[in-house]
Amino acid sequence: MKLQTLKFLDKLLSTTIAWLPRRRKPSTQAPRRILLIKLSAMGDAFCLHPVARRLAAAFPAASIDWLTTGRSNPGLFRNLPFLHDTLIVPTQVRALLAWLPRLLFAIRKYDIVMDFDQYYHLSELLSRCGKTSAGFSTALKGKTFSLSIPYDPQLNEKVLFHKLAERVMEHYGVTHAPPRDFYLPELLDAFTPSLPLQQLAAEIKTHQLPVVVLYAGSSANAAFRRLDIDKYLAIIEQTRNRHTFVIAGGPDELALKTHFQLQHPNVYELIGSLNLLEWAWLFRHVADLLLGNDGGLLHVAESQSTPMLAIFGPSLFRKWGSINPESRGIETDLPCRPCLKNYLGIVPTRCQFSTVKCLDAIEVATIIANMESMLEKKQRQHMLISP
3 MKLQTLKFLD KLLSTTIAWL PRRRKPSTQA PRRILLIKLS AMGDAFCLHP
53 VARRLAAAFP AASIDWLTTG RSNPGLFRNL PFLHDTLIVP TQVRALLAWL
103 PRLLFAIRKY DIVMDFDQYY HLSELLSRCG KTSAGFSTAL KGKTFSLSIP
153 YDPQLNEKVL FHKLAERVME HYGVTHAPPR DFYLPELLDA FTPSLPLQQL
203 AAEIKTHQLP VVVLYAGSSA NAAFRRLDID KYLAIIEQTR NRHTFVIAGG
253 PDELALKTHF QLQHPNVYEL IGSLNLLEWA WLFRHVADLL LGNDGGLLHV
303 AESQSTPMLA IFGPSLFRKW GSINPESRGI ETDLPCRPCL KNYLGIVPTR
353 CQFSTVKCLD AIEVATIIAN MESMLEKKQR QHMLISP
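Heads up, the sequence shown is in the numbering used here, so the first residue is 3 and it goes up one at a time.
Note that these hints are calculated values from the structure, not bench results.
Mixed in with the good hints, there may be bad ones.
Stated by the list, open to error - In silico PhoX-like links for lysine-lysine, alpha-carbon gap of 20 angstroms or less:
{"#": "1", "residue 1": "145", "residue 2": "133"}
{"#": "2", "residue 1": "27", "residue 2": "133"}
{"#": "3", "residue 1": "27", "residue 2": "145"}
{"#": "4", "residue 1": "233", "residue 2": "259"}
{"#": "5", "residue 1": "27", "residue 2": "207"}
{"#": "6", "residue 1": "111", "residue 2": "27"}
{"#": "7", "residue 1": "165", "residue 2": "145"}
{"#": "8", "residue 1": "359", "residue 2": "380"}
{"#": "9", "residue 1": "207", "residue 2": "233"}
{"#": "10", "residue 1": "380", "residue 2": "233"}
Produce the complete structure using the sequences and hints provided.
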């Protein structure tokens, strides 16, 4: 199913939900079965799962399931110890219509269904089938939830997810709520690096230079979030004697491979060569910094506490960027920003201007100055803690 088709069907549901009353006063008995809904995408899943871990600690007798679509790359998270089951919504119209009645019936067994989507009406409708529902109150949805909080478009998404969990814990009388945590080290608990990956990591380290993972891509349907490739090439050219660069990317970045055939001993072009768990392992054990565009790989790095220098254009760094205090975002203040407003259902795939002004205004010198400042600070911290 194309995304536009899904949005059309979702819009039809909005009329139905508008006539539904708010749920009755919810039970305060601690939940035994919890369903979390986050339909897409992978970056949002990385925001969600530290909250799932927190809920598992707050309600140790409960089992926690996750309802999502294939767009969130659910297989990546299948070994997380605090997730009991993952339910994947079909994305073909006929399969969805056949599956939906069974899903609606199955959701009735959950004591609470927590909807972490900002604008999908389908997720709100599904949440109503649980005994209690919780979610965000936005301009487009949220009137029927048993428990809700206002959606703040200026607050980091990871923080908002935790605030919704805190509303739920407050309702059920959790007196000593587990603290907020934003990382996901458990992602690698069941992962064993291959011998070639270990050898690659050892070779990268032999240069004895700070290691910068450079991510020049973004998802294929959001290519207008990409900084001009020539600027990344200029950064490498001007600093490659001082840093080792690892060029990152997956299927959406394969067309960029030819740009990075630089034949330099400390530039490693790995686009399409590693899976996401292998990238996560490199972030944890090899990388000093991620430099890159707003895209899914930033969330992989964030999950392993790797600081990043993130280039943001259509969206806001404070909203969608790293929560790591060692990270920085580079962005341009323009009246048209942000043009990405998920909570209103506004998710553009191209700039309204002939060029992406917010990214074009970012200078190579600014990026290099920030990158080297961050690496120098990290090196000083390392020297202070080294014996």
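Do the hints match the structure? See the list:
{"no.": "1", "hint": "145 to 133", "verdict": "holds, 16 angstroms"}
{"no.": "2", "hint": "27 to 133", "verdict": "holds, 10 angstroms"}
{"no.": "3", "hint": "27 to 145", "verdict": "holds, 14 angstroms"}
{"no.": "4", "hint": "233 to 259", "verdict": "holds, 15 angstroms"}
{"no.": "5", "hint": "27 to 207", "verdict": "violated, 58 angstroms"}
{"no.": "6", "hint": "111 to 27", "verdict": "holds, 18 angstroms"}
{"no.": "7", "hint": "165 to 145", "verdict": "holds, 18 angstroms"}
{"no.": "8", "hint": "359 to 380", "verdict": "violated, 32 angstroms"}
{"no.": "9", "hint": "207 to 233", "verdict": "violated, 25 angstroms"}
{"no.": "10", "hint": "380 to 233", "verdict": "violated, 24 angstroms"}
Violated hints, listed in ascending order, are 5, 8, 9 and 10; each of the other numbered hints is respected by the structure.
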